[in-house]
Structures are given as C-alpha cells and as structure tokens.
Amino acid sequence: MRLSRPARIALRVAAALGFTVIYVPLLLVLLNSFNAARGFGWPPSGLTLHWWADAWHSSGARAALWTSVKAGLGATAVSLVLGTLIAFAVARYRFFGREALSFVVVLPIALPGIVTGIALNTAFRTVLEPLGVGLGLFTVVVGHATFCVVVVFNNVVARLRRTSGSYEEAAMDLGANTFQVFRDITFPLVRTALLAGGLLAFALSFDEIVVTTFTAGPGIQTLPVWIFSNMARPQQAPVVNVVAAVLIIASVIPVYLAQRLSADSASGGRL
Numbered sequence: 001m002r003l004s005r006p007a008r009i010a011l012r013v014a015a016a017l018g019f020t021v022i023y024v025p026l027l028l029v030l031l032n033s034f035n036a037a038r039g040f041g042w043p044p045s046g047l048t049l050h051w052w053a054d055a056w057h058s059s060g061a062r063a064a065l066w067t068s069v070k071a072g073l074g075a076t077a078v079s080l081v082l083g084t085l086i087a088f089a090v091a092r093y094r095f096f097g098r099e100a101l102s103f104v105v106v107l108p109i110a111l112p113g114i115v116t117g118i119a120l121n122t123a124f125r126t127v128l129e130p131l132g133v134g135l136g137l138f139t140v141v142v143g144h145a146t147f148c149v150v151v152v153f154n155n156v157v158a159r160l161r162r163t164s165g166s167y168e169e170a171a172m173d174l175g176a177n178t179f180q181v182f183r184d185i186t187f188p189l190v191r192t193a194l195l196a197g198g199l200l201a202f203a204l205s206f207d208e209i210v211v212t213t214f215t216a217g218p219g220i221q222t223l224p225v226w227i228f229s230n231m232a233r234p235q236q237a238p239v240v241n242v243v244a245a246v247l248i249i250a251s252v253i254p255v256y257l258a259q260r261l262s263a264d265s266a267s268g269g270r271l
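Just so we're aligned: 207 in this note's numbering is position 207 of the sequence shown, and the numbers increase by one with no gaps anywhere.
It should be emphasised that the hints constitute simulated quantities derived from the structure, not laboratory data. Ideal Cβ positions, reconstructed from N, Cα and C, are used throughout, including at glycine. Where hints are given, some of them may not hold.
Computed Cβ-Cβ distance ranges for the label pairs, DEER-style [unchecked claim]: (1) Ile209 with Arg260: 25 to 31 Å; (2) Val104 with Arg260: 27 to 33 Å; (3) His57 with Ala36: 17 to 23 Å.
All chains, full assembly: derive it from the sequences and hints.
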C-alpha cells in the first residue's frame with residue numbers, strides 16, 4: 001500500500017510526538033541523576049556524580065535492589081518452567097479445553113495490576129496464612145510469576161507453531177530416545193525463544209510495583225517500591241533519581257536483548 005505524501009508526513013509527526021512523550025521523561029530522569037541540585041528542578045544547576053556515590057552507599061537502596069533481583073530470578077525460573085510446559089501442551093497436542101487453557105494463561109497480563117494484587121492478597125491470606133506461610137518474598141515471586149509466565153508462553157508457543165513436529169518424529173524413527181530428541185532437536189529449536197522470554201519475564205518482574213505492594217510482607221521492599229516510598233522525602237530526592245535511572249537501564253537491557261534474539265531467530269533461526 002502506497003501512502004500519499006501528506007499521509008506519510010502526518011504519520012511521521014504522530015510517531016515523533018509519541019516517541020517524545022515516551023522517551024523524553026526517561027531522558028530527564030537520567031539527566032536529573034547527575035543534577036548537582038538536591039531536588040527535581042530543571043534545568044540542572046550543574047553535573048555531579050556525588051548522588052551516584054550516595055546511592056551506592058545507601059543500605060536501603062542496595063537491599064531493595066537485591067530483593068528485586070531475587071524476586072525477578074525466582075519469577076523468571078517459575079515462568080520458564082510453567083510457560084514452556086503449557087506452550088508444548090498447547091502447540092503439540094490436541095485436547096478438550098486447549099483454547100480455554102491458552103486464554104487462562106494469557107489473561108493475567110491483561111487484568112489491571114490492582115485486581116491481580118487484591119485477588120492474590122486475599123488468596124494468600126486465606127490459604128497460606130493458616131498454614132503458617134505469611135506474606136514475603138515467596139508470595140512476591142508467585143505474584144510476579146502469574147503475569148511473567150505469559151511472555152514465556154507466548155514466545156515458546158510462537159516458535160513451536162513455526163516449526164514442525166516432524167523433526168522430533170524423524171529423530172525418534174532413527175532410534176533417538178526422549179532425552180536425546182529434546183537435547184538435539186527440540187531445545188535448539190526453542191532455545192532463543194526461551195532466552196528471550198526469560199529476559200522479558202525478568203524485566204517485567206524487576207519493575208513491577210502494584211502486585212508487589214499487595215503481595216509483599218512487612219520489611220520486603222523491591223526497588224520500585226523503595227522509589228515510591230521515598231518520593232515524598234526531599235532529602236532522598238537525588239538518590240531516588242539515581243535509583244530510578246538504574247531501574248530504567250536495568251529494564252531496557254533485557255528488553256533490548258530479547259528483541260534482538262527474537263529478530264535474529266525470526267530471520268535465520270528456522271530449520
């Protein structure tokens with residue numbers, strides 16, 4: 001389809017405005033992390049690395065960062081296992097309720113975070129607390145896994161639907177057992193999809209705040225929760241800027257890597 005010159009110009013202007021709204025605030029956060037002034041003022045009165053040193057020595061920020069990493073790794077591990085198993089079931093087998101299962105798996109990422117958070121909080125207090133398991137890091141990992149599993153499932157099921165099951169069948173006809181088929185045929189086919197899904201799952205978990213607020217117990221603070229709780233403290237404003245900049249970088253890197261992996265596998269990763 002060919003667009004007229006005015007239509008192309010209008011689309012470019014709309015795209016530029018959209019990217020400006022999305023990325024200029026992020027750039028301002030990054031620049032503010034080097035602002036010599038104590039606050040969110042603009043333009044910066046000068047540039048300094050002093051606040052980065054303060055953030056590095058902030059025990060609260062370091063503890064929150066480590067909590068976010070642990071929650072992200074835990075949620076990613078759970079999502080990789082469950083998402084991969086469900087993707088293989090949906091893509092390789094035909095059974096009653098297959099479409100309903102796909103819908104149920106994808107639904108959590110479409111629900112408002114506050115709805116998911118309230119539902120999980122109620123479930124944890126009703127089911128786990130009588131068993132002696134209170135809100136804490138474990139419940140945060142479970143809460144994050146409910147929506148992280150979606151990106152793993154989508155990546156793996158898309159890859160499986162682009163590849164025929166005849167490769168596995170041919171390997172078994174030649175005498176390969178189940179483990180050999182998975183090691184030599186199946187895993188290489190889905191390897192980049194698993195890695196891309198895992199990176200996206202970690203990024204989603206790392207910057208999640210709404211579900212975390214409802215599933216974290218006393219004393220459990222992830223990095224986004226720490227930022228939110230310190231936003232109203234003027235003395236912490238410079239450190240908050242730095243931590244927010246770190247959060248942006250930590251979220252962008254896995255998303256970029258996942259995008260590159262998906263693009264490379266789509267262009268040349270087919271058998």
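Hints, one by one, checked against the model:
At about 27 Å, the CB distance of isoleucine 209 to arginine 260 agrees with the hint of 25 to 31 Å. Roughly 31 Å separates the CB atoms of valine 104 and arginine 260, a value that falls within the hinted 27 to 33 Å. Hint check: histidine 57 to alanine 36, Cβ distance near 18 Å, so the stated range 17 to 23 Å holds.
Comparing the model with each numbered hint stated earlier shows that all of them hold.
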